[in-house]
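Single-letter residue listing:
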Amino acid sequence: MKETVGTRGLILNEPFLWERGRRGRSGYSLPRRDVEPVPLPKDLAGEGPDFPDLSEVEVVRHYTRLSTWNYGVDSGMYPLGSCTMKYNPKTNERQASLPGFAGAHPLVPSELCQGALQLIYELEHYLAHVAGLEAATVQPSAGAQGELTGMLIFSAYHRDRGKPRTKILIPDTAHGTNPASAALCGFKAVPVETGPDGVLLPAAVEALMDDDTAGIMVTNPNTLGLFETHIQAIAAIVHAKDGLVYADGANMNAVMGVVDFGRAGVDVLHINLHKTFSTPHGGGGPGSGPVCVGKRLEPFLPAPRVVKTGEGYMLSEDFPQSIGKLHAFYGNFGIMVRAYSYILSMGPKLKDVSQHAVLNANYIKELLKDVYHLPFDVPCMHECVFTDKFLEKHKVTTLDVAKRLIDYGFHPPTIYFPLVVHGAIMIEPTESESKETIDQFVATMRAIAREAQEDPALLQQAPHKPKVRRMDETAAARKPCLRG
Amino acid sequence: MRYLSHTPEDLAAMLQVVGVKDLEELFRTIPEDCRRTAPLDLPEMTEWELNDHMARLADRMVSWADYKTFAGAGSYHHYIPEVTRYLLSRSEFVTAYTPYQPEISQGTLQGIFEYQTLVCRLLGMDVANASLYDGAMAVAEALLMAIRIGRRKKTVAVSTLVNPYYRKVVETYLAPTEFKVVWLPYRPDGTTDLSGLGAIEDLAGVAVQSPNFFGGIEDLAAAGKTIHDRDAIFITCFSEPLAYGILKAPGALDADIVCGEGQSLGIPQSFGGPGLGVFAAKQQYVRNLPGRLVGQTVDADGKRGFVLTLSTREQHIRREKATSNICSNQSLCAMAAGMYMAALGGTGFRELAQLNHDKAEYLKSALQAAGLEIPFASATFNEFVVKFPAGFDQKWQALLQRKILAGIPMVCYYPELADHYLLCVTETRSKDDMDALVKEVLA
Amino acid sequence: MKELSELNLPEDVRYTKDHEWARRKGETFQIGITDFAQDQLGDIVFVELPEPGDTFQSGDEFGTVESVKAVSELFMPLSGEVATVNAALEDSPELVNNAPYTDGWMLEIAASDPSEFDEMMDRGAYLEMLKGSQE
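Residue numbers (the numbering used here), protein chains in the order written: chain A, 1 to 484; chain B, 1 to 443; chain C, 1 to 135.
Just chain A, with the same shape it has in the complex (with noise of 0.2 Å):
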């Protein structure tokens, strides 16, 4: 390849805030003040904190320096898999950023937060029908608290039927969230092993499905790219025994405007608004986890609930059945904007969004599976996964081909999960990536599998072109240095 997209660069180095500034300079206009000092109680007062002093400059380049050693979507693909990288568009941040929004008071009285109401409320109702369900909350401020709110569901609705239960059955493909959130909830987690071809089979839920089991949580399609196939045999052995089906909906974006999960027997699904409805990963957050559930679960909904009355809209906490509250307020709202406004600029386009996704993932999987192991060569949905099997002999590992991939340019996919693939790669493309990109994605593997044999090295010493090169994870965890 003779020019590749990664290249040198001038980065700049910037040290800590707190080894730069000097007592008595301000990066901060002070507001007037207009009445006198009071001094508080002796035993109360305090120093304050030791922050350093910046003027403004300082501030600036500190920041604008520390975001120059960052990669984000808007520098190029990130292909991991069960993230959905998508692009972030614009005109979201303008709408979250309207003084309105951005400066309202969640406790003022109803007449006075209509727009916001109007906005949670029809959030509520275009996330239920794109998902094929009844009714859904935005209140969980993450998957892993959507997740959490699935489980208190399932417990309420078991204590309803006057028998509480202890199991949930949960794939060895699942994403940790799945058995952290339901053991936050007493439940235990029994694992359900995939089948050969890469999704579960109904008999072997037979075999675990009991009167001591809440339900099932999966994950549709799956970790592994491939749609459940057998989802609806699954849902009636779990619903023959009165137990209910979760849906982690974290891989949505492959399946919008063609499934319809109330049909696929699903009976709760949480979103992250921050993969499928294309709000900003922020470095790690904030998201937003909405769930969606069937009918007969409404009741159980975190409260409290937005309503529409004769004159608008009012929120209402007459929700007996409800599980209780998972914000002190009403969810992540700034990221309810924008996903917001993401539906209202794509509309039915949707399904143009999950049909290039699958597209753009199952052209890569062919285009790659001769040089990188496929252990499940059949059509995936909008992630494929691939394992570094054909390195092993030269040294090779999944890490090195990610690391590598640094250097070219692009971000590494996900790698070592699901945890059932030995040395997994899992690529995710999106259908925010052109055919140039993704090609040039393709190129790229394919070049790193040839330095694999022609070079380990080069891989396994890999990035070589970043800020920083392989850091000590080891020294990280033994002598954790968290603060400075």
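For the record, the hints were derived by calculation from the structure and aren't laboratory data.
Keep in mind that the hints are not guaranteed to be accurate.
[To be verified] Cut-off 30 Å, straight-line C-alpha distance, at most; resulting in silico cross-link-like pairs (BS3-like, lysine-lysine):
| # | chain 1 | residue 1 | chain 2 | residue 2 |
| --- | --- | --- | --- | --- |
| 1 | A | 349 | B | 21 |
| 2 | A | 188 | B | 154 |
| 3 | A | 389 | A | 351 |
| 4 | B | 431 | A | 42 |
| 5 | A | 167 | C | 69 |
| 6 | A | 188 | C | 69 |
| 7 | A | 163 | B | 180 |
| 8 | A | 479 | C | 2 |
| 9 | C | 17 | A | 389 |
| 10 | B | 387 | A | 167 |
| 11 | B | 168 | A | 188 |
| 12 | B | 303 | C | 69 |
| 13 | A | 241 | B | 321 |
| 14 | A | 389 | C | 25 |
| 15 | A | 395 | C | 25 |
| 16 | C | 2 | A | 389 |
| 17 | C | 69 | A | 465 |
| 18 | A | 393 | C | 2 |
| 19 | A | 308 | B | 68 |
| 20 | B | 153 | B | 225 |
| 21 | B | 387 | A | 42 |
| 22 | A | 163 | B | 154 |
| 23 | A | 467 | B | 21 |
| 24 | A | 188 | B | 303 |
| 25 | A | 163 | B | 168 |
| 26 | A | 467 | C | 69 |
| 27 | A | 163 | B | 321 |
On the provided structure of chain A, position chains B and C as indicated by the hints.
Frame of chain A, contents of chains B and C only:
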């Protein structure tokens, strides 16, 4: 559509490589009975129509831009310097993923390491995490952490002066567990009554908020001693961290865990979210912490760098035995807080905190001088409770019509406190605003 | 990762299928993890151990050993009460990697049924087990 780049030629070429005749065929593995029976029924707007639609929605909102708000109760109006808004909008911060590949995430990682450090310095604690969702969930996680540390102890105690919404979230988190919550009453001076602690068996931890929901500053030194005498974990929480610009840090008063809401630190109110769950603890409890942690280390060339560390506590490794189920945090909000604390500096932070306190004291004295009752005697920071004459609700509504939000009525949270209102004064309220409020209230 | 032939498998200890070892030391037994285990785990960053006085049955989980990206449970080879714990591992978990049978010992127990030791695998049986699982 501008977010989708495939032209008909692109599609044709790619479909051929995949070996299917059209896009529909890509979904052939999906059974018929799992499919939608009708197309998506959603509005579709151009960028210009969206701008209009959202402007109309935003217009039907009251915000600080046009109302004089004297309301806090967990969401605070503070000025946000333009410099922090500008820096936070850099797309390398906004559109970056979680920093699992540290070599190309050093911006986020150093930024969060600095945030962790400044939080420790603000609260007087040894270690802070990379944030939780919000103050409410942070308190719930603190109690669960106290229970983990306490091993066999199954009860926690929480002051009724902790924000009522935080308490509801605590109830929700603890409901499916075997653990019990005991609610601690308050004293006539508006601080927590810990005298009943001795009677509680099996006590793993106690949570007290300071400044509390009434705005009162708790005697954390005494609380800490009482709680440690019972061999329980001492948790303090807050909804207004600016207070620690002038109050003694909880760490100096022997708090084991300090947590709360960081929205005041340069994050817009935004109708209640996203917020910032701040969480800090003593060094000895570090392996019990929930949430992500950024640590300092060196790279292969010996250069300083940062990584997410102590990951074995977390769900992606420990799964059902993780310290929490949390995955995403409030990373961008933590960056905003770091930028805000950097812009203010130590001197600015102290001055701003003092200004908040002094303005609130001015209003409190002015209302008292006008004959109104301040029912709770404890010292306060930038919030306090006023007992208005019976039937004040009508006047409160009338003030709203005149674009003045005169505090938050408390009776829905504390039924015994009819006609009590929680008022908040930050640096955004002028002396004239406050004089006008007093005049209106008396009229 | 070491080849089987490179593994250190001392004669003076007995082995379990979960890769722990035990060594008789007078009245007590010393316990740790094998060279195979530490090699598989990679750099060990933390070892979670019980307290002196804690009691266990053979096969009970008594602690965990952590590398950067993984956690493994530790299972007690013998029944008994914990007499001492290797405090050096708190600051130097790498001792388990560098000297798994000597300085990297984890704890010593007073066995309630010393005959359990005789039922553990000897070096030869453990090596056979490792060979079998590699096929």
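Structure-based check of each hint:
| no. | hint | verdict |
| --- | --- | --- |
| 1 | A:349 to B:21 | 20 Å, holds |
| 2 | A:188 to B:154 | 19 Å, holds |
| 3 | A:389 to A:351 | 35 Å, violated |
| 4 | B:431 to A:42 | 26 Å, holds |
| 5 | A:167 to C:69 | 27 Å, holds |
| 6 | A:188 to C:69 | 24 Å, holds |
| 7 | A:163 to B:180 | 21 Å, holds |
| 8 | A:479 to C:2 | 26 Å, holds |
| 9 | C:17 to A:389 | 27 Å, holds |
| 10 | B:387 to A:167 | 51 Å, violated |
| 11 | B:168 to A:188 | 25 Å, holds |
| 12 | B:303 to C:69 | 22 Å, holds |
| 13 | A:241 to B:321 | 28 Å, holds |
| 14 | A:389 to C:25 | 45 Å, violated |
| 15 | A:395 to C:25 | 42 Å, violated |
| 16 | C:2 to A:389 | 19 Å, holds |
| 17 | C:69 to A:465 | 25 Å, holds |
| 18 | A:393 to C:2 | 16 Å, holds |
| 19 | A:308 to B:68 | 28 Å, holds |
| 20 | B:153 to B:225 | 19 Å, holds |
| 21 | B:387 to A:42 | 27 Å, holds |
| 22 | A:163 to B:154 | 24 Å, holds |
| 23 | A:467 to B:21 | 45 Å, violated |
| 24 | A:188 to B:303 | 44 Å, violated |
| 25 | A:163 to B:168 | 25 Å, holds |
| 26 | A:467 to C:69 | 24 Å, holds |
| 27 | A:163 to B:321 | 26 Å, holds |
Checked against the numbered hints above, the structure breaks hints 3, 10, 14, 15, 23, 24 and satisfies the rest.
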